[in-house]
Amino acid sequence: MEDTSQTLTQPPNHTTTTTKTKAKNDYTNRFDGDGKNGNEEDDGDEECDAEVWETLSKSFREVQSVLDQNRALIQQVNENHQSRIPDNLVKNVALIREINGNVSKVMGLYSDLSVNFSTIVHQRREITGSKDSSNSDSSNKVDSME
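With the UniProt record's numbering applied, the sequence shown corresponds to residues 1 to 146, in that order.
Don't read these hints as lab results, they were simulated from the structure. Hints are not guaranteed to be accurate.
Pairwise CB distance ranges (calculated) [what the hints assert, rightly or not]: (1) ALA72 / SER134: 48 to 56 angstroms; (2) MET107 / THR55: 17 to 25 angstroms; (3) MET107 / TRP53: 17 to 25 angstroms; (4) LYS105 / THR55: 16 to 24 angstroms.
None of these values were measured; they are calculated from a predicted model. Where a beta carbon is used, it is the ideal one built from N, C-alpha and C, also for glycine.
Taking the hints into account, I'd like the entire structure generated from these sequences.
Following this line, the structure appears as structure tokens:
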């Protein structure tokens, strides 16, 4: 049987600076006009990003573990079937039930992953929206004072 597994790559080290992150850091390191340079918020974003990545990675590792287990079970079922030994064929019933249970488990894990990811995205949008709103309120106050 051909091995069609895919290995998940390790998450990028969150201390590695990408071009996008560097550009964001360059922007937030400049003063925003209120005497603060935004480093506190940036540190919070990086911690949140690392936490989010770890949560998602953990879910994918769980899924991969169950899929690897199913691969081994399927191989055992194939060997039992090819042997045509009655006891081995009887064992296949339990093995196939376990495979079915694992498929249900993977569906649940992917469902949870989807919900978690969606929740994270919505929370980040709300946070970003509230920061943008408060920043525009501050700039409007400055504009109205002039």
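So, going through the hints one by one against the coordinates:
no.	hint	in the structure
1	ALA72 / SER134: 48 to 56 angstroms	54 angstroms, holds
2	MET107 / THR55: 17 to 25 angstroms	19 angstroms, holds
3	MET107 / TRP53: 17 to 25 angstroms	23 angstroms, holds
4	LYS105 / THR55: 16 to 24 angstroms	18 angstroms, holds
When the structure is compared with the earlier hints, no violation turns up for any of them.
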